[in-house]
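Given the coordinates of chain C, work out where chain P should sit on it, guided by the hints.
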Amino acid sequence: MNLYLPIAEMSVNVLVLFSMGAGVGFLSGMFGVGGGFLMTPLLIFYNIPPAVAVATEANQIVASSFSGALVHLRKGTLDIKLGIVLLIGGITGSAIGVVLFSSLREAGQLDLIISILYVVFLGTIGSLMLVESLNALRKSRNPDQAPAALPQQQTWISKLPFKMKFHRSQLYLSVIPVLVLGMLVGVLASIMGVGGGFIMVPAMIYILRVPTNVVIGTSLFQIMFVTMFTTIAQSATNQTVDIVLALILMVGGVIGAQFGARAGQKLRGEQLRALLGLIVLAVCIRLGWDLVTVPSELFSLGEGGGH
Amino acid sequence: MTRLFLTLVLTPILFVLPTLVAAQTKPSVQIGLSNETVGITSSFDGTEIVVFGSIENGEKERLKNGKYDLVISLEGPNDISTVRRKENKFGIWVNGLSEQFSDVPSSYTMAATRPVKEISSAENLKILEVGLDHLNLVPLGNDLSAEQVKLFRDSLVRLKINKGLYLVDIGGIEFLTPTLFKATLAVPANVPIGRHLAHAYLFDEGKFVASQFTELEVRKKGFEQQAYELAHNHGLIYGILAVLIAMATGWLASVIFKKD
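So the protein sequences, as listed, match chains C and P.
When we follow this note's numbering, the leftmost residue of the first sequence carries the number 29, and every step to the right adds one.
When we follow this note's numbering, the leftmost residue of the second sequence carries the number 11, and every step to the right adds one.
What the hints contain is simulated information worked out from the structure, not anything from laboratory work.
Check each hint, because a few of them may be wrong.
[Claimed, not checked] In silico DSSO-like cross-links for lysine-lysine, where the CA-CA straight-line distance does not exceed 27 Å:
(1) C:Lys103 <-> P:Lys268
(2) P:Lys192 <-> P:Lys77
(3) P:Lys36 <-> P:Lys127
(4) P:Lys136 <-> P:Lys217
(5) C:Lys193 <-> C:Lys109
(6) P:Lys268 <-> C:Lys294
Isolated chain C (complex conformation):
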């Protein structure tokens, strides 16, 4: 079943894309991650132009994070004030990212930068996850070793000025690290087509010390608004959001996520994290391999003076 995508300007197999959406949705439901970091490379492997893949993926994440944030809003596991401060940073970052995206595209280096960013981030996060979860698995076998407690205060973060009270998270914290984190994730959202949850969640837990019960909801809240802004900014500047492609992925994604969430309840946290770490590393190696091996075609065609 083929369908012509109006913006990507190519004919694609709907069932293949729907399965990709459902498969990534399954993993994201299982692991509680957005899945953008898997979806964008998959779209690129399927020959969707990287520029379209990245911008369209941001649009898909709006759907998944909105449905997730709604759940957390109902349960009250969301720190709106913290979310808004993260968001201010996020929108600034996203705007910077969209401008960077345009100029990299013009210089013909966009695909390269997307690949390098993926290799660096997926490599780092994947390794960290794998090491941490393997340690946890080992410790759970010798239960006498108590898990290392988080240090109560971190000196450099607590010394920063412009402090603000976040009641829901019971934090008294400088806004600087919050804004910087939001901005970093915003830049990644527009250049890599990811929500950034895989950076945001660990950073909120380990650096900002946000209580774990509000981390996911708050991160989804910020991701939702940043990807909304990214979708609109990409549409207005680069015209690279393919609404048809996004819709196929959204529908596949939300359905897959439901089954994934059920499957995830049957696995233990450390096993889940180890598995996710392996998947992340596999995507990283695949992308890295393409960067260092001699390409079968050295030449490529770029858009010149537009259509």
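Here is chain P on its own, set in the frame of chain C:
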């Protein structure tokens, strides 16, 4: 009076008519297309265009023996194209040297009775821009050597062939009678939108005799066209719509799959 009549009426007949007759006997070629527009809808996955035509005023004997040569091409709108070459820098393959070409047909499909090099001389083909080797692709940069420009030009053509945008079909012209012919030209799924031109060129023993062209309009239709135009002319509204659709989908999902 009669003299005047003779001069006024007969002179044209005697002098002009032979040249008119000669003009009429000079062989020419006429073509028509099976469709004048190609509409890209959501189910579009490439199509075919049939070019019908006839050779007029050809010498009967030569026609019977198939002595005339024909080339039929379908060219997409001209565009500027950038060709980039990957280079190994610090172990990573990055885009390095590049060259821009203008007047690049975005697509080029050709059918011919024989390989074009056998049909006519390279000079003729170059003037007519017939065949992939003879397209007049104009290099815009001037820092590359002639050799490098040729390398980039060849790569451009190769990449276009790999994308299915350039296609050559030797022997793809079918003669229904000695004068009537048809050629089926493929229109790929990724055909560029815009005004395409179908050309027919008639050759006689290496000499170019006549040509004719007709237009083919390729455009998006219905939803595809509306989405494309909205995205390109009103990007902001398109983006807001995309976000609203995503929110509706996300909300629907949270309602349908509500956990109790």
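Taking the hints in turn, this is what the structure says about them:
1. Restraint check for Lys103 (chain C) and Lys268 (chain P): the C-alpha separation of about 13 Å stays at or below 27 Å, so the hint holds.
2. Using a Cα cut-off of 27 Å, the hinted pair Lys192 (chain P) and Lys77 (chain P) holds, with the two alpha carbons roughly 17 Å apart.
3. Distance check on the hinted pair: Lys36 (chain P) and Lys127 (chain P) sit about 24 Å apart at the alpha-carbon level, within 27 Å; holds.
4. Note on Lys136 (chain P) and Lys217 (chain P): the hinted pairing holds, with a Cα-Cα distance of about 13 Å set against a maximum of 27 Å.
5. A hinted pair counts as satisfied when its Cα atoms are at most 27 Å apart, and Lys193 (chain C) with Lys109 (chain C) qualifies at roughly 9 Å.
6. Using a Cα cut-off of 27 Å, the hinted pair Lys268 (chain P) and Lys294 (chain C) holds, with the two alpha carbons roughly 19 Å apart.
Going through the hint list in order, the structure satisfies each hint without exception.
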